[in-house]
Amino acid sequence: MNSRARKSDDRQLVKRIANGEKIALQLLFSRHHTRVFRFVDRQVRDASMAEEVTNDVFLDVWRQAGRFEDRSSVTTWLMAMARNKALSALRKRRDGQLDEDYARRIPDEADDSEVRLQKTDKADALATVIARLSLEHRTVIDLVYYQEMSISQVAEVLAIPANTVKTRVFHARKKLAGMMSNAGIDRGWP
Amino acid sequence: MTKQMDETIAGLLPFYVAGTLDEGEARMVARWLESDPRGSEALQRALEEQAQVIAANERIKVPSGGLARLMEDVAAEPRVARRSPPGLNLFDRIMGWIREAPPSMSWGAVAALALVVAIQNVPLPFGGTDAPYEVSSGGPVESGKLYLIRFADDADMAAVSAVLSDAGAVITDGPKGNGNYVVRLAEGGASGSIETRLDALRAKRGIVKLVIEKSNGKK
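If you're matching them up, the sequences are chains A and B in order.
All residue numbers for the first sequence refer to my numbering, where the first residue is -17 and numbers rise by one.
All residue numbers for the second sequence refer to my numbering, where the first residue is 959 and numbers rise by one.
Isolated chain A, as found in the complex (with noise of 0.2 Å):
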């Protein structure tokens, strides 16, 4: 289904929500849940939270489908709900102790020479250090890699201007260099 089809399929399915068709918000949900679980699971890092915030984001949608305005695009909205609620979810967690717990179990920058030493392959080091970037650059990255979206997306999910979901990649990409650096693996740059 080219990019096209699928927004004007994914409007009228919003639309028809609007009007209570429960069999819409449940196409919907078969198509997108994937997607947004995964981009909640990646910010919060707990798989019980990131289904109650993927449940809310639906829920949600139920609620509030005829306030959906047609210059957004569905996915773009859907992100944009995500991307709040599991903000407010992880500002609710009691002392960050799920977040603690998930760091623990990534080596830190002090842990460099490990990393060196247990990573001999570059491609897990830079799975380990990508999973170590602060929670505005994996989600960055996150959006523009796996959810391959494009700048003037990020800008609407993460409400912030197109130049600043440029340099806030450079500086993601900057950050993840360093750290593989400090790992011992020079990748080079830019």
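Think of the hints as simulated: they come from the structure by calculation, not from any bench.
Be aware that a few hints might be false.
Stated by the list, open to error - In silico SDA-like pairs for lysine to any residue, Cα to Cα no more than 25 Å straight-line:
1) B:Lys1019 <-> A:Gly166
2) A:Lys157 <-> B:Ala988
3) A:Lys(-3) <-> B:Glu1006
4) A:Lys156 <-> B:Lys961
5) B:Lys961 <-> A:Gly170
6) A:Lys156 <-> B:Asp964
7) A:Lys(-3) <-> B:Ala1033
8) A:Lys157 <-> B:Glu1006
9) A:Lys4 <-> B:Lys961
10) B:Lys1019 <-> A:Glu33
11) A:Lys156 <-> B:Asp994
12) A:Lys104 <-> B:Gln1002
13) A:Lys4 <-> B:Glu1006
14) B:Lys961 <-> A:Ser54
15) A:Lys104 <-> B:Ile1018
16) B:Lys1019 <-> A:Leu115
17) B:Lys961 <-> A:Glu118
18) B:Lys961 <-> A:Gly166
19) A:Lys157 <-> B:Glu1016
20) A:Lys104 <-> B:Pro995
21) B:Lys961 <-> A:Leu41
22) B:Lys1019 <-> A:Lys156
Mind docking chain B on chain A? Use the hints.
Below, chain B alone, put in the same frame as chain A:
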């Protein structure tokens, strides 16, 4: 190359490899890749990052049961009066979407969609009319006969959806462990008798491997 240019390229390369840059910026990046001696390695780095990010996302297992839970929550929502859409043809829309979906989309997804229709008991307008429909709360429509059908492994979804549509068939269950789906063929309709439509299905040998009547106990 200036530091400024390096920063610009570093910020745009991920969009370039994802194919989401507008034409002007894509051309600029392409020119830089061709002209700068570091171009090839820079492109390779972005591709490596893309591969790792995709792999990390695809390692995340998506829990099942999300749809059921959502629909429970929706059912628990206060009822709000909504306007009925005029002149919708649900079947055409669903089949249109299935036809346009990528061929690589799994048969599980097709079955899931069909099951959504079956579970929701949406009367399907096989005659192609634009008659309005209702989502009822009763049991499934029972008219017609059930058949077991198996599709060729390499059959693409568009072809299969067209075959099912032409035959006035809807998947009601499956896939079973042996790859069979249960389909219901409605009596009557514009496509001729059930026997005629069965013959047409069986004639699609590149798409349909098997069609047999489902008896109790057959999977």
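Distance restraint between A:Lys157 and B:Ala988, which requires alpha-carbon spacing of 25 Å or less
Roughly 24 Å between the alpha carbons, so the hint for A:Lys157 and B:Ala988 holds.
Pair hint outcome, B:Lys1019 versus A:Leu115 [Cα-Cα no greater than 25 Å]
holds (21 Å)
Hey, A:Lys157 versus B:Glu1006, does the alpha-carbon distance stay inside 25 Å?
holds (16 Å)
Check whether the Cα positions of A:Lys104 and B:Pro995 lie no farther apart than 25 Å.
holds (23 Å)
Holds or violated: B:Lys1019 with A:Lys156, Cα cutoff 25 Å?
violated (30 Å)
Verify the proposed pairing of A:Lys4 with B:Lys961, using a straight-line Cα cut of 25 Å.
Violated: A:Lys4 and B:Lys961 sit about 53 Å apart, past 25 Å.
Taking only the CA atoms, is the gap from A:Lys156 to B:Lys961 under or equal to 25 Å?
holds (13 Å)
Could you grab the alpha-carbon distance between B:Lys961 and A:Leu41 and see if it respects the 25 Å cut-off?
violated (47 Å)
Between the alpha carbons of B:Lys961 and A:Gly166, is the straight-line distance 25 Å or under?
holds (24 Å)
For the pair supplied as a hint, A:Lys(-3) and B:Ala1033, confirm whether the alpha-carbon distance does not exceed 25 Å.
The hint holds at about 19 Å.
What's the verdict on A:Lys104 and B:Ile1018, does the C-alpha distance respect the 25 Å limit or exceed it?
holds (21 Å)
Agreement of B:Lys961 and A:Gly170 with the hint, judged by alpha carbon distance not exceeding 25 Å:
holds (14 Å)
Taken one by one, the earlier hints fail for this structure at numbers 1, 3, 9, 13, 14, 21, 22, listed in ascending order.
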